[in-house]
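Novice: Here is how the chains run, residue by residue.
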Amino acid sequence: MTSLDKSKIVASDPRIRYIALVLMDTDQILGCILVAASLTAIVTLTLWARRTIHRIAANGYRTARQTLKGFNSDK
Amino acid sequence: MIGAGVFLGMGISIGKAGPGGLVLTFALNGLLALLTAMSFAELSSAIPRAGGAYNFARIGFGRGPSFLAGWMEWFASSVAGAMYALTFSLYTLRFIERIGWMNGLYSLFHITQSTPQADHLVEGVIKIVAVATALLFIYINFRGASETGKIGAIITMGQTLFVVTIGIFGIFTVLRDPSRLHNFTPFMPYGWSQLMATMGFTYVAFEGYEVIAQAGDEAIEPRKNLPKAMLYSVLIVTIIYVLVAFATVISVKAGSSDVEGAPWEWIGSFGEKGFGEAVARLMPYGNFILTLAVIFSSTSALNATIYSATRASYALGRDRMLPKFFASIHKVRKTPFGALLCTAVIVLVVATMLPTKDVASSASIMFLFLFFLVNLCVIRIRRSMADELNYGFIMPLFPLFPILAILCQVLLAVWLVHMSWIAWIVAPVWIFTGILIYQLYSKSRAITTADEILVIEERPPAMQEAERYPIMVALANPENAATLVRTTYRLAEAKKARVELIHMVSVPDQISLHDAERYIKPGKEALVEAMLYLKMHFPLSTTIRYCRSIARGIISAIREKKTRMLVLGWHGRPTTHLFNLGSTIDPIIEQSPCNVVVLKDCGGNKAFHNVLVPIAGGPHGAFALEVADILTEPEGKITLLTVDTGDRKFDLEAFLDAQVERLGLGRNRFTTKVVQSKAPLRTILSETWEADLVVLGTTNRPLILEVTGQSLPEKLARRCGKPTVIVKSDAGVRSWIKRWI
Chain H
284 MTSLDKSKIV ASDPRIRYIA LVLMDTDQIL GCILVAASLT AIVTLTLWAR RTIHRIAANG
344 YRTARQTLKG FNSDK
Chain V
2 MIGAGVFLGM GISIGKAGPG GLVLTFALNG LLALLTAMSF AELSSAIPRA GGAYNFARIG
62 FGRGPSFLAG WMEWFASSVA GAMYALTFSL YTLRFIERIG WMNGLYSLFH ITQSTPQADH
122 LVEGVIKIVA VATALLFIYI NFRGASETGK IGAIITMGQT LFVVTIGIFG IFTVLRDPSR
182 LHNFTPFMPY GWSQLMATMG FTYVAFEGYE VIAQAGDEAI EPRKNLPKAM LYSVLIVTII
242 YVLVAFATVI SVKAGSSDVE GAPWEWIGSF GEKGFGEAVA RLMPYGNFIL TLAVIFSSTS
302 ALNATIYSAT RASYALGRDR MLPKFFASIH KVRKTPFGAL LCTAVIVLVV ATMLPTKDVA
362 SSASIMFLFL FFLVNLCVIR IRRSMADELN YGFIMPLFPL FPILAILCQV LLAVWLVHMS
422 WIAWIVAPVW IFTGILIYQL YSKSRAITTA DEILVIEERP PAMQEAERYP IMVALANPEN
482 AATLVRTTYR LAEAKKARVE LIHMVSVPDQ ISLHDAERYI KPGKEALVEA MLYLKMHFPL
542 STTIRYCRSI ARGIISAIRE KKTRMLVLGW HGRPTTHLFN LGSTIDPIIE QSPCNVVVLK
602 DCGGNKAFHN VLVPIAGGPH GAFALEVADI LTEPEGKITL LTVDTGDRKF DLEAFLDAQV
662 ERLGLGRNRF TTKVVQSKAP LRTILSETWE ADLVVLGTTN RPLILEVTGQ SLPEKLARRC
722 GKPTVIVKSD AGVRSWIKRW I
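Sequence lines, in order, name chains H and V. Everything in the first sequence is counted per my numbering, starting at 284 for the first residue and increasing by one. Everything in the second sequence is counted per my numbering, starting at 2 for the first residue and increasing by one.
In short, the hints are calculated from the structure, not lab data. Wrong hints could be hidden among the right ones.
[Unchecked claim] One-sided excerpt, in silico: chain V residues whose CB lies under 7 Å from chain H: (1) Leu29; (2) Leu35; (3) Ile156; (4) Gly159; (5) Arg224; (6) Pro228; (7) Ala230; (8) Leu236; (9) Thr239; (10) Arg381; (11) Arg383; (12) Phe394.
Since the model is a prediction, treat every value here as computed from it, not as a measurement. We put the CB at the ideal spot given by N, CA and C, even for glycine.
All chains, full assembly: derive it from the sequences and hints.
Specialist: Given below as structure tokens:
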């Protein structure tokens, strides 16, 4: 079965679209994981950074040592 | 930030790395860009001033590296400007050709379309239009910042709208026709190694966030808004780029008429114009929409890079690292026309002389080098100025992200040679030229800024004494001097040393260093006090300096004078919970590139006969042993104590034998004692009652863990009622790595 046939199966019947995952080769699976992982990491880090920025702004701007100690004592 | 990098990069990258490689290129580059954006965000929040990388390098590493940062930023932004002008020209002419308006030009020169002569003609016209576009935006920048800002805002909105439209069309196309996912097979036709080359090549598409750092002086609440702007821009741009890359791959239906080979091969065969061909197939009016997107994004990026390049070269001129002409301000427009003129020369020369692909590669490689330097700056500045700067953002897992970014940037820069060897000639030539200019011109002319340390009085050692072991003694006031001289005498005698007395005068930020004479008196008295005692016995030199931070001033003097041992006093009183020993001593212990001896209550005529050295196998134990041996009276005894908590075994006898042999000490005066206990602090404190001096090594815990509270040696030093010496030995790079990671 060629790749084109595989995609036709996926296109023709929505119920078996999950088969697409089974039909993917190693490179494609690895590629999808890498893209998803990097986008997730970017979103997570940005949201985390946003929280940190607001937290620091609310507590007043202090030195790195004071800020880190403050974070630690908040825990 | 969404500029020509993405339009040029799509076609070339899909041909090089394949369909999967294209999407991965932009996803992974986004992650890498975010790591460096975090460094920029942290630095901009702590130093919210105009100047960007140049400023950071100046504060982190001093004049030389800062000149190089400004020099690279100037060139990188100028080359990027040339690239945007070329992309604008390339895509605009492609559209004009598609609608048949080029035929008039062909007939004017009597040549036929799609012949080598026609290609040469188009290439020439592309260069002319690029130069004209660059000139237009150079003029807009000359007109002033308000015009620049207004135009920038309009075109940024426009470009984002068009590029997002392309991405959305890609998603709808796949939902309507899922068979287009077949275009992702083969996923990586030439292997994963090609990914490195395409990531390096398209890195320039993510560079825009560094321009935000240039706006430090103008932003509202910069400590909060600059880091947010940088991180949001990377997030938004990465998502858009991944969407657009996806849309490019699925834009062409396999097996369509006039599509030869696989869709990715067909798109890649058009090189830098490949993205245009893809979008034309993807959506109705694709050519028109794409041309509008390119017009908006290229001109916006061109505008921003000319602005950034001009400010970078202006800063170099303002600090006299480049000739005064670079700092010339136009009388009417109030814009830096000297720097703008020189930037214009680079933009125009690069746009005219180099092929588009090499221009893009050169811009990418320069930004990789520049960001490499910024990642070093963030580590250096957090390490050396963590107690001085107020931060609006602190990155997590420090210093993991900057180190990861540095490694990736080196790797990408090396791999870029596969895309353009010309870039690997242009970039090093520019950097070496910069180093040469700095050595021959800038070094002697650069203006000293108010932030630097000011040497007030200095008596250097005599030439014949310069080779002796240098011990530096930091003096604060006459009382403190009296407590340090006796111990210093013992150490200097044992080491056959010369002594450097230093007094750092801390001057508040509101007062200029040059007006700080009134703070000098106690320090002078301290120097005289110490000199009275030490001058008779040892070669002596003295120095008085003004600075903003005592710790930084002392560390800088240690580096400058290549000191091997620093002696300083500690009052032993409780300090804030933020520090172990104090806001001055903690950074000195952490950062001094030499052995450090901190004395608590060791003044007067105290003689030490019974010395206790608590040892736990840390790296400073051997130096503690050596110092204890020097300070103990000849007939005195030294007890090495270790507390066995059952967690790990430490062979105290073997340690002592090895150190005695290594240091050439007398074995008889040492005794060992092992106590089994689960409470080491209480046990050691109880053992100190009969000792008249306690010598202990400082903590060896990584800095990252120290925020959780004081470590055992520091708690011990604080609670111990006996004279105490805390020592830190310097093991060079090894101890640096161990302490930081």
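Novice: Under 7 Å is the threshold here; is the Cβ of Leu236 of chain V close enough to any Cβ of chain H for the hint to stand?
Specialist: At 5 Å from the nearest chain H Cβ, Leu236 of chain V passes the 7 Å test, so the hint holds.
Novice: Under 7 Å is the threshold here; is the Cβ of Ala230 of chain V close enough to any Cβ of chain H for the hint to stand?
Specialist: Violated. Min distance 11 Å.
Novice: Is the interface hint for Arg381 of chain V satisfied, with its Cβ closer than 7 Å to some Cβ of chain H?
Specialist: Status violated, d = 13 Å.
Novice: Given a cut of 7 Å on the nearest C-beta pair, is the interface hint for Phe394 of chain V held or broken against chain H?
Specialist: 5 Å, holds
Novice: Less than 7 Å between beta-carbons is the criterion; does Arg383 of chain V satisfy it with respect to chain H?
Specialist: With Cβ-Cβ at 6 Å, under 7 Å, it holds.
Novice: Closer than 7 Å between Cβ atoms is the bar; does Ile156 of chain V clear it against chain H? Give me holds or violated.
Specialist: This interface hint is violated because 25 Å lies over the 7 Å limit.
Novice: Identify whether the interface hint at Thr239 of chain V stands, where standing means a beta carbon of chain H within less than 7 Å of its own.
Specialist: OK, holds: Thr239 of chain V within 7 Å of chain H, min 6 Å.
Novice: Interface hint check: Leu35 of chain V, Cβ to nearest Cβ on chain H, cutoff 7 Å. Holds or violated?
Specialist: Leu35 of chain V check passes; min Cβ-Cβ to chain H is 5 Å, inside 7 Å.
Novice: Classify the hint on Pro228 of chain V as holds or violated, based on whether any CB of chain H lies nearer than 7 Å to its CB.
Specialist: Cβ of Pro228 of chain V sits 6 Å from chain H, so the hint holds.
Novice: Against chain H, is Gly159 of chain V within 7 Å by beta-carbon distance?
Specialist: 25 Å, violated
Novice: Going by Cβ atoms only, is Arg224 of chain V closer than 7 Å to chain H?
Specialist: OK, holds: Arg224 of chain V within 7 Å of chain H, min 6 Å.
Novice: Is the interface hint satisfied for Leu29 of chain V? The criterion is a beta-carbon contact with chain H at less than 7 Å.
Specialist: Holds. Min distance 6 Å.
Checked against the numbered hints listed earlier, the structure breaks hints 3, 4, 7 and 10; every other hint is satisfied.
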